[in-house]
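One-letter residues, chain by chain:
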Amino acid sequence: MSHSIASTDFLKNEEHAKWHDETLWMIREKRDLASQKVPEWENLRTLASSIKEHVLSNLDHLLLEFEANATKNGIQVHWAKDAQEHNQFVLDILKKQSCAQVVKSKSILTEECHLNPFLEKNGIEVIDTDLGERIVQFLHQPPSHIVLPAIHLKKRDISELFHQKLQTEKGNEDPYYLTQAARNHLREKFLKAKVAITGVNFGIAETGEFVVCTNEGNADMGVHLADVHIACMGIEKLIPRRNDLGVFLRLLARSATGQAITNYTSHFRGPEKGKQIHLILVDNGRTEQLGREKFRNSLKCIRCGACMNTCPIYRRSGGFSYQSTVPGPIGSILSPGLDLKKYSSLPFASTLCGSCTDVCPVKINIHEQLYEWRQEITKANPNYAESLSMKLASGIFKSPLAYRISGFLMRKLIINLPDSLLYNPWNVWGKGRKLPKAPQESFRNWYLNHRKDEQ
Amino acid sequence: MSSKQEILEKIRHLRLDQTELPTIPEFKNSLNTEEEFKASIEANKGEVISQEKLMSWISESGFQNTLSFSQLINVNTSYTKIEDAHELDQLQVAIIDGQFGVGENGAIWITNDQVPFRAIPFITEHLVIVIPKNEIVPTMHQAYIKTSNQTYSFGLFIAGPSKTADIEQSLVIGAHGAKSLRVVLV
Ligand code: SF4
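From first to last, the protein sequence lines stand for chains A and B.
Per numbering that gives the first Met the number 0: the first sequence ends with 454, consecutive numbering throughout.
Per numbering that gives the first Met the number 0: the second sequence ends with 185, consecutive numbering throughout.
It is possible that part of the hints are untrue.
[Said to hold, decoys possible] Cut-off 25 Å, straight-line C-alpha distance, at most; resulting in silico cross-link-like pairs (BS3-like, lysine-lysine):
hint	chain 1	residue 1	chain 2	residue 2
1	B	K37	A	K36
2	B	K3	A	K71
3	A	K191	A	K94
4	B	K9	A	K293
Note that these hints are calculated values from the structure, not bench results.
With the sequences and hints as input, model every part of the structure.
Structure representation (structure tokens):
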């Protein structure tokens, strides 16, 4: 299903779609306020981007350094070339512990590897412990946003769900009441769990430690009560030095939700006495992306979700319309690398307004890469751009010059676009409400101006 | 070939030119870090209170299960011996020392030296952290410089109580971890 068709589903409930759009925009505004309070913000973004640049250019050495130091600290390191191998490692560890139930905190990598269905097929119950993830797990849905997994749901839905699953009072929609019900339910699971799985936000080559960030404290509740901690880490999550954490942690939470930092930032350097930590380093297509020069930068992503919150298409079509583990602008450049055919419509699900690039804390040129994918897709299948949904856009996408102008026009036009055009039935994403304010300057313009300044 | 070799070979095969690793400037800022720290803790939904206020809160609340590891203030502990963190499921108040705080975000640094079990700051219903007044640094950069020679096995920045906004973006304090955070500067 193409993205624009999938998004019509989301737009059926207009009131809900409007709420989704406005709520994410509010988070984007919180991000703006938080970033403006840091005078060196732009400096930090540049630093973060060049640190990751260095990581990507030196990945083999840093991986070995990381492994050596982690091993020295008592962490058991495993290497998985793909999802299947990763899942098998996890299963083997669980089997060795005779563990039939495992608690898991948020990890986009395990979603990408489809770990839950794999473990369930093998008789192991997986309990997602992040509140939003537990909610979508009850519904047999994937998360619709990488930071806000249940952002597509309203409290009415959750109240009904908890009434069925956790026997809460029917009709009680109070978020505090519902959260306490989940707390009690999950506390029991934490106390029983022998093994806990987490993702990894940063792995530090210099010290062999890794860092996990949460607000709920669910990752820590899981691992500190369990005997065995399994940490799943994409190979691009490395940073060279411990001091680099200062740069990335100042950017991450501010970009994600507008908080100055997550309430818990845990540094794991070795296991607690009598316990074990297993760390699985996963490739699963990352080395291929590293080899694609035009798209290499996408591996700098620290999964803050800011590009989703700001994207006019994401906000108006919801995470599920992308049908890929990582939705939104960054998902639209990562997913075609995994399966070009399946995800061929994603790079077109963008206005190329450049807002994603403007907010990205590691300065990934997201909208330019979206444009590059369009080129690749059109090259691979010249008819694609002629298909019905693309007719309108093809004129724009075929010529690089037209692309430059189109982003520019979009920014000008959004300000003055008459409602009659916005709500025109062909504009799937325009249904619902007025578009938000367009950003003042696109990455390309900014970049060119900036270069002019330097010359 | 092992997966490790395969992954490394794939990377080496690309022969990427190594780019330079930038040095991180100090980013000193001249704000009043203590005031900033207090404001940050409050923004994170914690509280900075005086030692007197802490004592009266504890005695008025009539807690049955309290646990203190603080070297900085004196509070009674109701446990005699703990063998395993699971025994702390009914813990109501834990009082621990923090090494220092960070002005810009309220984060407080703790390592396994401050707690005998890593689960303590999370499993307790209420958490109290005591920090020496003069131990506040402006930003995360100074925080990492300050801790660069430490040899912890577990290190933690705590900036507030456990919280979530996963139900319609309404902020709820007390998701899985501590339902409140009180910070005492001494
Ligand atoms: S691409 Fe940038 S803005 Fe988007 S999630 Fe990744 S780091 Fe955040």
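Verification of the hints:
In summary, the hint linking B:K37 to A:K36 is supported, as the alpha carbons are separated by about 16 Å, within the 25 Å threshold. Proximity of B:K3 to A:K71 is assessed by CA-CA distance (about 18 Å); at most 25 Å being required, the pair is judged to hold. Distance hint between A:K191 and A:K94 is fulfilled; the C-alpha atoms sit about 16 Å from each other, no more than 25 Å. Straight-line distance between C-alpha atoms of B:K9 and A:K293 comes to about 18 Å, which keeps the hinted pair within the 25 Å bound.
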